[in-house]
Structure formats: C-alpha cells, structure tokens
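Visitor: Sequence:
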Amino acid sequence: MKSKIRFFFEVNEESYYILYNINMAYVLYRIDNINPLMFSQVASWGAFDNKLGMKIIKEIEEFALKEFEKLQNGF
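Residue numbers 2 to 76, in this note's numbering, belong to the letters of the sequence shown in order.
Any given hint could turn out to be false.
As the list claims (entries may be wrong) - Calculated lysine-lysine pairs in the BS3-like style (CA-CA distance at most 30 Å, straight line): (1) LYS52 x LYS67; (2) LYS3 x LYS67; (3) LYS59 x LYS3; (4) LYS5 x LYS52; (5) LYS71 x LYS5; (6) LYS59 x LYS71; (7) LYS67 x LYS5; (8) LYS56 x LYS5; (9) LYS56 x LYS67; (10) LYS56 x LYS3; (11) LYS59 x LYS5; (12) LYS52 x LYS3; (13) LYS71 x LYS56; (14) LYS3 x LYS71.
Honestly, the hints are just simulated from the structure, not real lab data.
Put together the whole structure using the sequences plus the hints.
Guide: The structure is reproduced here in structure tokens:
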C-alpha cells in the first residue's frame, strides 16, 4: 500500500490543503495553523481501515512540516 500525498494552496480561501490518497480512498485536510501545526479533515472518499488512522495523521504531519520547511527555504 503506497500512499500519495499532494500539497497545494487554494487562492480564493487563502488556505493550504493536503490530499492523501491510498488504494482509491482519499482524505482532504486543511491546514489551520502552521506553527504549531494544526489541520482538520475537510472531506473523505472511500473506505479506510481504522488501524490506518494514526498512521495517516503521522504521515500528514511529517509531510506538511517538510513542505513548509521547503517554502521557507525557497525550495
């Protein structure tokens, strides 16, 4: 099970979003605060195993911190 994570900025809402994809299931998160990192689930499509919940959150946290570090350092 390989997950794909996408990071993007929505111009109209001026918010960062993360789209998490694993095995045809998707979860969309909005970044509410950068420091400290806080995010909320906006929507989800598909079925997830409950055991994956904490793994997904951990992956999202690590990914978001790396992406914001890239933004601060100019890639």
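Visitor: Taking the hints in turn, state whether each one holds.
Guide: Outcome of the hint check:
no., hint, in the structure
1, LYS52 x LYS67, "holds (24 Å)"
2, LYS3 x LYS67, "holds (19 Å)"
3, LYS59 x LYS3, "holds (15 Å)"
4, LYS5 x LYS52, "holds (18 Å)"
5, LYS71 x LYS5, "holds (18 Å)"
6, LYS59 x LYS71, "holds (19 Å)"
7, LYS67 x LYS5, "holds (15 Å)"
8, LYS56 x LYS5, "holds (13 Å)"
9, LYS56 x LYS67, "holds (17 Å)"
10, LYS56 x LYS3, "holds (12 Å)"
11, LYS59 x LYS5, "holds (14 Å)"
12, LYS52 x LYS3, "holds (16 Å)"
13, LYS71 x LYS56, "holds (23 Å)"
14, LYS3 x LYS71, "holds (23 Å)"
In summary, the structure agrees with every hint in the numbered list given earlier.
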